[in-house]
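Peer 1: Given these sequences and hints, build the entire structure.
Letter by letter, the chains look like this.
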Amino acid sequence: MRGAKAVDNLSKESRRFLDDLRLYLFSSGKNEAEIGEIAEELEVHFAEAEKNGKPIEQIVGESPKEYMEMISKEMKVDTKAWLKYIPLIIFGAISFSVIAQLVDDLRLNFSYVFLGGTVVISIIFILLVFGVFKYTASRQVSKTKELLMIMIPSFLNIALFGALIFWDMFYTLPGIQLGVTASIITGGIVLLFLIGFSFWAKTAILPVILAALHIPELLLRLTSLEVSARLIIGMIITYIVIGLYLYYTFKKLKKEETASA
Amino acid sequence: MSQTQMMKGILDGCLLAIIRGKEVYGYEMTERLSDYGFGEVSEGTIYPLLMRMQREGLVTSVKKESTAGPKRKYYSLTDKGHKELEEFLARWKRLEKSVNNAIRQETNEGSEGSG
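Residue numbers (the numbering used here), protein chains in the order written: chain A, 1 to 261; chain B, 1 to 115.
Simulated from the structure, these hints should not be mistaken for lab results.
This one's a predicted model, so the numbers in the text were calculated from it and none came from an experiment.
Hints are supplied without guarantee of correctness; some may be wrong.
[What the hints assert, rightly or not] Restricting the straight-line Cα-Cα distance to at most 30 Å, the calculated cross-link-like pairs of lysine-lysine (DSBU-like) are: (1) Lys54/A to Lys64/B; (2) Lys83/B to Lys65/A; (3) Lys73/A to Lys83/B; (4) Lys73/A to Lys63/B; (5) Lys73/A to Lys64/B; (6) Lys73/A to Lys84/A; (7) Lys254/A to Lys145/A; (8) Lys71/B to Lys254/A.
Peer 2: Rendered as structure tokens:
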């Protein structure tokens, strides 16, 4: 979570509540600027209350969930932002298959079922993830439980996408077929979008995963290895690169956390 | 403590009265409320109320640097807020009178046996 100018000596409990509040309000579709505003105001309050030895319960009451709901009720849903996020996520999902197809064959070929299915699955995924976030944030569950719960929509997402890809592969479905030029132009637009998105969201996760998926395979094609060996080595490198990236990001996050604690 | 509609209405009125005096920020308001005997109200309760009052145009806020930590948000009353406070005071006086009347009469008679 992005914090504004942080109070150095805030207790872990208070910091946790503020992070959870931000997540809860964000998952409830509230405006980011307004979320920052109330979180900052509460941060000032927590800091002074702690200086005077007051426990957090004296501020938020017995039920953090009820308190978060009380604040949420006073804020309007930011429909404009949602209209921005949903196409972004759908486009992100489609961009993965665009890149995969281009790497494979330089020609794009999408069935309507695949495109429509991607939209539907993405929306289900977003709603489920935000539902889980709201649940874990308002009940302040442990990080482990949070991670486990987030895996439910993630696995469901993978399963649904898998089913969609199989459906698309084994049946000839009507759709769009682009020539080489149109495919390359589309690929260029998608790449620009991915770069823009990475800067906007301040994370390199999408390009890193895409690169980890495709670059090893492209390089291995240049070798004289057998197909099966190439696939296995490619997959191992992919996992290692993604794993290293996540490890690096996690460590960086931890460092920031201890620096601000 | 459970937050009934009536309690919220009363807190609204008290906050308007506190803000009328001079610009105040959240923590200061809760300190005053607790001095006045509202110690059992969870302090955070005031923020949703302030958010609503600001949306309704009863109060405005400015952020000011403080010596320690992030900026504090100071509230002051708008003209509409002043009017609302006057209306609250009038409502409260009527209510206080009625409640006192009811309690005084009923408890005097009530102690002699009901029915």
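Peer 1: All the hints need checking, so say for each whether the structure fits it.
Peer 2: Each hint, compared with the structure:
no.: 1; hint: Lys54/A to Lys64/B; in the structure: 24 Å, holds
no.: 2; hint: Lys83/B to Lys65/A; in the structure: 34 Å, violated
no.: 3; hint: Lys73/A to Lys83/B; in the structure: 25 Å, holds
no.: 4; hint: Lys73/A to Lys63/B; in the structure: 23 Å, holds
no.: 5; hint: Lys73/A to Lys64/B; in the structure: 27 Å, holds
no.: 6; hint: Lys73/A to Lys84/A; in the structure: 23 Å, holds
no.: 7; hint: Lys254/A to Lys145/A; in the structure: 18 Å, holds
no.: 8; hint: Lys71/B to Lys254/A; in the structure: 26 Å, holds
This entry does not satisfy hint 2, going by the numbered hints stated previously; all others are met.
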